[in-house]
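There are 2 protein chains.
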Amino acid sequence: MSSQNQFRQQSHKLLVIPGPIEVTDEVLYANAHPLVSHMSLDFAAVFGDCIRMTRDVLYTKSAQPFLISGSGTLGWDQVSANLVEPGENVLVLHSGYFADSFADCLETYGAKVDQVKADLGSVVSPAEVERALKSKKYKVLTVTHVDTSTGVLSDIKAVAEVVRKVSPETLIVVDAVCSVASEEIRFDDWGIDVVLTASQKGLGAPPGLSIVVASERAMKVYETRKTRITSYYGSWKKWLPIMKAYEAGTAGYFATPPVNLIYAFHASLSQITKGSVTLEERFKLQKDASSRLKKAAEAMGFKGLPLSTEVAANGMTALYFPDGLEASDVVPRLLKKDIVVAGGLHAAVKTKYFRIGHMGVSAIDAQRGDIDKIISALKETLAEAKASKKA
Amino acid sequence: MSSQNQFRQQSHKLLVIPGPIEVTDEVLYANAHPLVSHMSLDFAAVFGDCIRMTRDVLYTKSAQPFLISGSGTLGWDQVSANLVEPGENVLVLHSGYFADSFADCLETYGAKVDQVKADLGSVVSPAEVERALKSKKYKVLTVTHVDTSTGVLSDIKAVAEVVRKVSPETLIVVDAVCSVASEEIRFDDWGIDVVLTASQKGLGAPPGLSIVVASERAMKVYETRKTRITSYYGSWKKWLPIMKAYEAGTAGYFATPPVNLIYAFHASLSQITKGSVTLEERFKLQKDASSRLKKAAEAMGFKGLPLSTEVAANGMTALYFPDGLEASDVVPRLLKKDIVVAGGLHAAVKTKYFRIGHMGVSAIDAQRGDIDKIISALKETLAEAKASKKA
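Protein chains in written order, with the UniProt record's numbering: chain L, 1 to 391; chain U, 1 to 391.
Since the hints were made in silico from the structure, they are not lab data.
There are no misleading hints in this set.
So the derived label-pair ranges between C-beta atoms look like this:
| # | chain 1 | residue 1 | chain 2 | residue 2 | range |
| --- | --- | --- | --- | --- | --- |
| 1 | U | Glu-107 | L | Asn-5 | 49 to 55 Å |
| 2 | L | Asp-56 | U | Asp-100 | 36 to 42 Å |
| 3 | L | Asp-56 | U | Ala-366 | 46 to 52 Å |
| 4 | L | Ser-62 | U | Asp-155 | 48 to 54 Å |
Just some of the chain U residues that point at chain L, by a computed CB distance under 7 Å:
| # | residue |
| --- | --- |
| 5 | Gln-9 |
| 6 | His-12 |
| 7 | Ile-17 |
| 8 | Ser-71 |
| 9 | Leu-74 |
| 10 | Thr-108 |
| 11 | Pro-207 |
| 12 | Gly-208 |
| 13 | Val-259 |
Cβ coordinates follow ideal geometry from the N, Cα and C atoms, glycine included.
Make a model of the complete structure from these sequences and hints.
This is how it looks when you write it as structure tokens:
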């Protein structure tokens, strides 16, 4: 066979970790596109579409996307190397594992980093942000939209409002690796400066693409920096002409883009931005699926890691094991039922909880029944685990 | 359909640029593997195999491979950020466009770079290497095995011999993006310290994987560096435990690997290292195909950019247009015949030549007839182009 209509992905365990996620047959088939020249006009048109659709997902008209071969982590390097100059101050809002890592990255490139840390399961409040911003001048503030380690959701709109009020020149950088296309992000309306993400979570494609979107204000800061950019592969000076060339329908060369993944990303972006479900409906369906799963899990006796519904992500769920149970009681049993979940990641409670991802088709395409499958597998697992303890 | 036996890639133009290249149906089907967890044991086994087979391709027992989501260019950053400390001296042997870029990357991370430049179409002689190494102490020497811009082939064995004789502590870094699996590289026997490459050329997979292999000596230099590593995403401190974990059959997490591409890379490496054609036969077939194409092109009146057969690559061919013809006479006509070649890239002669890639299956699988297709398309194109000039 050699056509889209005939291609079905192999049967496999249901992948419900917080990324990579389940993707559609169309996306996988696009990933098996014959190899093409990265300098061809056909490919440039596809790449250009990806740039435009990336803007659409974030409701931005004027921001500059960078689509670069790499993991989401490379977005941190891009921010650290292009927007921060050695010795400059950065404020990191900490709501889990990924803030520590982002801070580590920033320091690698010479930033002076202060962190405001939320309690485990919570987020930094607007009042704390205001206090920190009044105490020192920060070039950049970073906030993790959804911390993949805790499933905690930050209120980006509220954070941005505080920054614009208290320290309008501070750039607002949102680590949205685990939120883009799963949580609403109004880039222009909220006045965000950078969104960084990756292809394998809400965006519904295989991993391998670092996606960074920078506001006009961020690009001006980049353009007027005084010192040399401190990364080569992540240098916007190298990549900006390439992105502009592809968007104009021509091709440019700095380093070879992941051509197949760009086709896959195009397929997924097309489903997200031009499919039968609008973006607004998508965010609603995502919330509904999340709420249904969370309520069912709580009814079974699982407790969520986020301290309240308001700070709980809609694309993933982090659950403490009920008293007397641990990872080895739950995760392998789910695996036997062909449900792949993720273990704990946050050092403070690593062995005490697990994580379920429910982004993309698992939440949006009700016909798949993924949420129901997860709920009934959880129920069975819990019953089996409890029974084994009594035996 | 959902099985390997049924999958055939879509019909498409023959891609004979110097990477990405034509790949097999098996490789593309592997790239359409259902998404899996990067932390699963199944995936760890596949990743571990890729590490081992990468060693096999380079005839090394003890070197440490790094397989990281990114383009080949990321390998330059890894060398610059892990092996060189700010202010240290690096000698770059220049045989084309890519030496300038590598030098630019090294300088980004603070290296002091000297270049020894070969004439266009030639390579730096061992005598020149010796002279340069005697004039100054260099921490690192870099040499481009095959410069993709010129199709010029450096004699890595000869360069390594000079380095080991004159300046044994200098690390030998080979930019082998356009040579691994197309040109013989005896990593251990020749005493190389770093080979850096990418997935989309001789290695026969889609682009998106940076592959760097470091000798024990290089790893010792990295371990004993005095200053902080100057990249985060490219830091071996972050990646080494991950590579060791995957090789041991477990999983580690720093940044999400490109899981589908790892399956595709595994499929291609299996064909290269465990297929019906041995590695030794592969290099011979590669030479035969190259020689046949080059002789045919010369008989038609095309002149090769490399100054002699000895310095001409076996996986690609760079040809000057015959007098009176230019890119617009040749490249679009080849495209109409469904043959995709690449234009010039080296600034000095950019409009005067073009490039043909013939790595991987195009050279090795004679049944495809790719080399014959290229030769006859070139013949027809030349006749048409000349006729159009007379008209």
